[in-house]
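Peer 1: Both chains are sitting in their own frames, so use the hints and assemble them into the complex.
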Amino acid sequence: MTSLTTMQPGEHLEQPISRDVFVARGLLDRDDLLQLMDRAVTKRVTVISAPPGSGKTSLLRAWAARSTNLRRVAFVSVDRDQQDAQRFWRDVLDAIRSPAPSTDAEAQSAATAALEGDQLVERVLSEVAEQVEPVVLVIDDLHELRSADALAQLEHLLANLPSSARVVLSSRRDPPIRLHQLRLIAEIAEIRAGDLRFTERETRELLSESGITLSDAGAAALYQRAEGWAAGLRLAVIALSGHPDPERFVAEFSGTDRAIGEYLMAEMLERQPSEVQSMLLRTSLVDRMNGELADLLAGRSGSEQMLLELEEANAFVVSLDARRIWFRYHHLLAEFLRLELRRRFADEIPDLHRRAAQWFADHGEVVEAVRHSLAAGDWPDAARLVADHSFGWVLDGQARTIDAVLQAFPEVASADHPDLALAHAANELNRGRLEEAAAQLEVAESHIQSAPPGRRRRLAVAIASLRLALARRSGRLSEVIEQVNLLDASISDESNDQIAMGSELRAVALLNLGIVETWSRRFDDAERHLSEGAALARAIGRPYLEVACRAHLGFPSTTVSLASACERGRQAVAVAERYGLGERPILAPALGAVAFWAIWMGEFNAGESALRRAWEVAEPQIDPAAAVLLHMVTGQLHAARGQHQAALEAFAAGAQARSRLTGVHAFATPVVGWLAATQARLGMPDEARETLAGFSAEPGRIGFIDNARAVICLAEGDPAGALDVLRDVPDATPPTGPAFTLVETHLLAGIAHLQLGDRNAAATAAEAALAAAEPDRLIFPFAMTDAAELLGALPSHQTAHGALAAEIPDLLRGEPAPSTDREHFSQPEELSPSELRVLRYLPTNLTRPEIASELYVSTNTVNTHIRSIYSKLGTRDRSSAVRRARELRLLSAGRS
Amino acid sequence: MTTTTAGLYAIRIKGRLGPTALSAFPTMASEVKDGETVLTGWLEDRSAVFGVLAQIEALGLELLELRHIPSRRQSPESDDDRSPDRV
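From first to last, the protein sequence lines are chains A and B. Taking my numbering, the leading residue of the first sequence gets 881, the next gets one more, and so forth. Taking my numbering, the leading residue of the second sequence gets 0, the next gets one more, and so forth.
For reference, chain B alone in the conformation it holds in the complex (with noise of 0.2 Å):
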């Protein structure tokens, strides 16, 4: 389950977050487009993606959307763990 889970995420956030939200969020990256906050960075499992999530609910953001973003360069553990079972 993990292994198709951990990867890349893009999370779309209504507003422009500051300095103080966006130190809820320490291992990812932000970029700020139209109104909205995109945060990007690499989620290892699925606590990390609900930990990020519970944040975001935590201080009444509003998510617009939760991005897995297929990457091409795989990372080389997960490598043998691409199993028949990923759809």
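Just chain A, with the same shape it has in the complex (with noise of 0.2 Å):
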């Protein structure tokens, strides 16, 4: 049961039919409609909108499959009642990948398996763009989005539709969104019920291909009674099949004043042996079945060779897949059908939607079970449902799911069920509704004694784990704290308890422990709980939770060395892009703490462009314990470079968003000493003093602190008080790991000794300092000290560091700017018009979120566009490929 939600059978099935399953099913080639297509595409809009059994669908699959090597047709059928953009855009975008390349396809999956609804437009057209034939997007039951986003995007979609490409749109009513731009440039066409109307001709055809004799007469009653409505001419086919007496038959359908449809659905339902009509019946309140489902609800065996035979009939069986396995019945059947069982059977119908909420819990189809159950009147059921997979929603990046399957339940299901409140506070945590998802855990928290015994426990760690997550991301890591060891205990029991607990709660209980204790800085603990998480989210393939766990492993502890930390680090993100997870908010920290230990070890390039993607992939609405880090990571970085005015703005951030937490965090003493710094270094000791005074720094930190007071002393031309201030640091700090104060007091005390003009004791400072620098490389404290004339003062024979006192100067001056790739340097590829909007507002001081909103696009879409434009230009940063944009005049507005 722990991996129901990995499995998504229903995903690709509606992928276009190869030409053998339909065309040989004794439907007439309409070679007049298969041309009015044709010439129906040359436009880049195509409107096809009838009634129900108008022919729609036959022709789009026939056309479909008579497609040339001109075109590559993509097939998407709207799901019924579709509500959720996510899926539909996931859909649209398989069906555009399809057949793709076995190697890429998992990759590619997973790289699209988060993403929102505007995103994937985006990457849906930068993919058709792509494709080396022309694609034509069929896009059929339209009338079943029920999404208004969904269409506002379906309507973006075809205002930016590259030139090339082509979208049918079939629908059983004009569709609700806005062609007048598109019909004012006459790149539309539209295909009315009057032109899919069969002609007599066509009947006369349709009737002597199906092998029916039938007279001049009867088949020119038959033309006019149905008047060319297909559904009417295949049902009469199926009807006339084998009819002892056709003309009679005909007769008797042009005598009724029945309505045609349901006339002639009766007549085939009765003409079949009662085990069909049984199973038909019974089988019809699914959406699709395969045969083992469509035995468990017939009560039979054997549906499935019935299901393949009434296929080969034509008999409004539809197959849904290439291998026959997935049948779902024509909608006019299926209409009839479900009329027909509760007429004759509804006593039994209840019973029937709990099988199938069943075998589609069984089988990982979590929406479709909760529809059946909330069909059934098991309400509760489905809020059980919702609660269990809510996590893994969420983990799968569809949790706008949650949101979707919330709106069907019922208005007497009681908001007072714990399992519901559980599910509506996860839904609210995801959409950044922190109050909503707190009022809501209240009400869970209040119920949970109405909960059967044996779930109490389950739901009880449920909600501590939704309220540990609620709290990180309220930047309440105080409160986490609390409750951490009551939850972590519970967990432990829960291994030895009969009860299982979820796997998936269970790693989101550890990922967000373990996030609370990074920046606790119980770094122990955190390295524990995270490991173990991680370990658990790849034993039950969680991609995001692996990821989100190795993303804040990135620190050492005492049982984890700065330099595999930083590998950790690196490897967090390695793992991330594989999964195509690289773009994922959770990242930021390991970018941040790649950046750290980059601008520590003096790799100031390296740690400016972690940094800077650490930031792209932050969200707007960050926790307030990871802005922390990247504020500071920033600030460190102008710092070494003496950009001392950015970096205190950077500091400063840092100090607020740190205020905006209740509980310790990890990095506040070394923010607020290096914000004391900066403001010394500015000229501003009083503002300094001020910001050491309202702090109180952790034990065994007050290095940080201690080292800004000796800053602030030399700033104001006083060295004898910075070594007074000093003088201490070396017993303050604790022995073990690395010496991140100590190399900066040091420096400190040896520069004081410097303005006494005392070399001796310099030099001597300058060795401590590189000494204590070696073994773990921490170089920025010489950069922010700018310690590079105390080093001239260390004769180099005096050194055991030789080798790094040597290098540190050039580290610096600068390391060389990564240079511009110059066999790129030629003729670069043509940049498209998106990427060249993008690539004006690079020279601007406008970060990516902010051009995203300039353009009216996402974000991921601008950092699509700007890797692409990186990679096209041969260039690596910002700033060189502004430089070569110029060079190549690509700035200029001419172009647009």
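No wet-lab data here; the hints were simulated from the structure. Beta carbons are placed, not taken as given, at the ideal position from N, Cα and C, and that holds for glycine. Take the hints with a grain of salt, since some may be wrong.
Keeping only pairs whose Cα atoms sit at most 16 Å apart, straight-line, the calculated EDC-like set for lysine to aspartate or glutamate is [unchecked claim]:
no., chain 1, residue 1, chain 2, residue 2
1, B, Lys-13, B, Glu-61
2, A, Lys-923, A, Asp-974
3, B, Lys-13, B, Glu-64
4, A, Lys-1752, A, Glu-1767
5, B, Lys-32, B, Glu-64
6, B, Lys-13, A, Asp-1137
7, B, Lys-32, A, Asp-1137
8, B, Lys-13, A, Glu-1107
9, A, Lys-923, A, Glu-1067
These stretches of chain A come out as covered by chain B in the derived footprint (C-beta under 8 Å, 3 or more residues) [stated by the list, open to error]:
no., stretch
10, 926-935
11, 1142-1151
12, 1212-1226
Only some residues are given here: those of chain B computed to face chain A with a beta carbon under 8 Å [unchecked claim]:
no., residue
13, Gly-14
14, Leu-16
15, Thr-19
16, Leu-60
17, Leu-65
18, Ile-68
Peer 2: This is how it looks when you write it as structure tokens:
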């Protein structure tokens, strides 16, 4: 049961079906109509709008199967009552990629699994543009699309369609999207019911191809009665096949005043053997079925064979996949069968829904299971399904699904139900509505006693886990820590308990626990929980969760050296990229840690690019705890480059973010210390003192504060005072672990000695700084304190760290900027219009999210364009891309 | 909006509806005249109206006419709501 949600058999059903599956079914090849389609798709958009049974789908499928090498048809059928824009666009993307190169397919799906609707539309547009053959995107049953977002996104797609691409929309009624722009430029073709109607000649052809002999008068009467309605004629053909007296059938049909669909449907059903009738009626309430599910509902075996035979007889049964495993009924047939089922066997219906729900739940199709549970009237069961799977959906990046399924709950479904409240809480949390989430959690918690005893434990753990996530998102670290031990204990118990807690829940709890511990500087606990969480996530196939755990493992602990912490940070980024999760906000801490250590080790350019990426992936509503890290590293980078004003702003932003937390933050002390030191360097000693005054450092970290005090003294021309302040630092610094503060302490002392004219003491301090720095290559303090002059005071023969001493001045002067790849310097690949639009913003100081909002696209889209711009220009960063673009005169407005 | 939409409706459909199709409209009375079926019934609001239309569409029935029948004997609860904006 644990990995239910990873199975999505419904996802790839609606692929275009190969020619042999449906052309050989006795469907008439309606050449005139196929030619009409060919003419229609010379326009950018074709709208087919006609009532059910007009033959829209048959035409589209026949036309798609006949397609030439000159185009590729991507066929999407909208699922019944589709309210989930994200799912709809993923189906579209799958159709465009299908048949995808098998090696890429998995990575591609993983990469898009979590994208939102508007990002998916951009992806659709760019992939359509990349296809070699022109793509015709066919969207059938568009009337089933009930998401206003998806329809708006569809409009956007039509407005931005690459010139070679075509879209065909098929719907029972005119689609509710604006098409007047396309009408104005005559780029729209419309096919309506009148165009689809059978002619009398076609009616005769259909009869003769189906082996039905009918007099001319009979054929004419049939045609007149059916009025060219495709479904009516097909039903009539089924009824006529093997009919003992076709002429009598036509006479009766022509004579009746019954509505023809109902009349013919009833005829068809009556002509089936009773076991087939029974199977058809009882399976009518699922949207699609395979043999196993049909047997379960029909209460007998052999359904698959019946379905295959019905499909072969063209009896309104459609197979959904080329292997003919999944079937559905023609919409008209399904409607009539459902009514008939309700008329004949109404009392069986709840039980049939219940069986379907169980089957879908067992096969990981939770959305269908929920739908049938609700239809059976079992909303508490449905609530339990949603509560149990909401984590999985969130982790698969399909959190919108929770919202969609919750909409379907009846009003009688009491909000006091703990499972339902829990599902609502997960939904609100996911939508960033923290207060609403808290309120729902209260409800869940206060009604937990109404749950069956066996379930209370699991609910309690789920509630605690959501609380933890909520508190983490709100930055209430101290509150979290209070609950952590409780949850930790219950998780440990759980593994010995009879009640197995879902592995997902457990991994999510471990993640939140570990994140909070990381930010609370309990790195040993964090290491334990996050490693376990990552391993568990990997075991249950949850890449997002694995990446999230690993993203917070980039810090050293007593058991993890600095070198391996760095390596873990880089690994987290690599793993995320492999899963296509390289742009998720959760990766920000890993990128921040990578930048942090790169800057400590003097690799400022590498640090800068990791940091820039960290800010790019961080969502606007980044957790305050992660924001502290990113601001601090930004400040360090500027400080290392002597840009003290920019450093000041970043450290101040870090201190500001920290003040929104209610607990101790791992980097609170360095942020405050460096903020004060930067203020002092900028000639604001009073402000610096004020910064320090309101702050009490954690035990063992006083060194950051003392260093800052020393900088204030030095800035005020009081080197002796600085030495006084620094005297106690070495004793107050923990003897183990990297000497983060100590290097700076020695350097500041050395500078003070130098100012006092004591070159020997200065050389000794410089040597001590090098000794402390060497094991972990802690170069950053040399840059921040501008220690070049001090190192000059240390004669090279007097140091045991000559290599480092020689290297540091080079690093402080700055590494050579990442060189432009000269090989790409010749003629760059042409930029697309949208890339050019983004390019124009690169010389500005707008951030990527700001560019995105200027262009009304998602940040992700901008990221994609910028990556592509870099690669086409052969550059690696924004400034060199701008330089290169200037050289190529791509920035002039003339080209737009 | 809903107050002006609620009311008695007559829906004319081509052909005589049999028991199966009629079971889709349990709240409406049916009458067959000249090869047409007229469904008559009180529809509470817009979504009820659209629900009936969707059902007609789903069954492939041919809609000939949808008529809102002005009611002389208004239902008591809607009396107060006959607001001035009703044309």
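Peer 1: So, for every hint listed, does it hold in this structure?
Peer 2: Here's how the hints hold up against the structure:
Simply put, Lys-13 of chain B and Glu-61 of chain B have alpha-carbon atoms about 5 Å apart, close enough for the 16 Å limit, and the pair holds. Annotation: proposed proximity of Lys-923 of chain A to Asp-974 of chain A is violated, straight-line Cα distance about 24 Å (limit 16 Å). Using a Cα cut-off of 16 Å, the hinted pair Lys-13 of chain B and Glu-64 of chain B holds, with the two alpha carbons roughly 9 Å apart. Taking the CA atoms of Lys-1752 of chain A and Glu-1767 of chain A, the gap is about 14 Å. The hint holds against a cut of 16 Å.
Between Lys-32 of chain B and Glu-64 of chain B the alpha-carbon distance is near 14 Å, which keeps this suggested pair within the 16 Å criterion. Among the hinted pairs, Lys-13 of chain B with Asp-1137 of chain A is consistent with the structure: their alpha-carbon atoms are about 9 Å apart, no more than 16 Å. Using a Cα cut-off of 16 Å, the hinted pair Lys-32 of chain B and Asp-1137 of chain A holds, with the two alpha carbons roughly 10 Å apart. For the proposed pair Lys-13 of chain B and Glu-1107 of chain A, the alpha carbon gap of about 13 Å is at most 16 Å, so the pair holds.
In summary, the hint linking Lys-923 of chain A to Glu-1067 of chain A is supported, as the alpha carbons are separated by about 5 Å, within the 16 Å threshold. Evaluation of the coverage hint for the stretch 926-935 of chain A: fulfilled, as 3 residues show C-beta separations to chain B shorter than 8 Å, against a requirement of three. Using a Cβ-Cβ cut-off of 8 Å, 4 residues of the stretch 1142-1151 of chain A lie near chain B, which meets the minimum of three, so the contact claim holds. Look at the stretch 1212-1226 of chain A against chain B: 7 of its residues bring a Cβ nearer than 8 Å to a Cβ of that chain, three or more, so the hint holds.
Here the hint on Gly-14 of chain B is kept, as its CB sits about 3 Å from the closest CB of chain A, short of 8 Å. Look at Leu-16 of chain B: its Cβ gets to within about 6 Å of chain A, closer than 8 Å, so that hint holds up. The beta carbon of Thr-19 of chain B comes within 5 Å of a beta carbon in chain A, closer than 8 Å, and the hint placing it at the interface holds. Below 8 Å, beta-carbon pairs count as interface contacts, and Leu-60 of chain B has one with chain A at about 6 Å; its hint therefore holds.
Given hint, Leu-65 of chain B at the interface with chain A, is violated; its Cβ is 14 Å from that chain's nearest Cβ, farther than 8 Å. Checking Ile-68 of chain B against chain A by beta carbon gives a least distance of about 23 Å; that is not within 8 Å, so the hint is violated.
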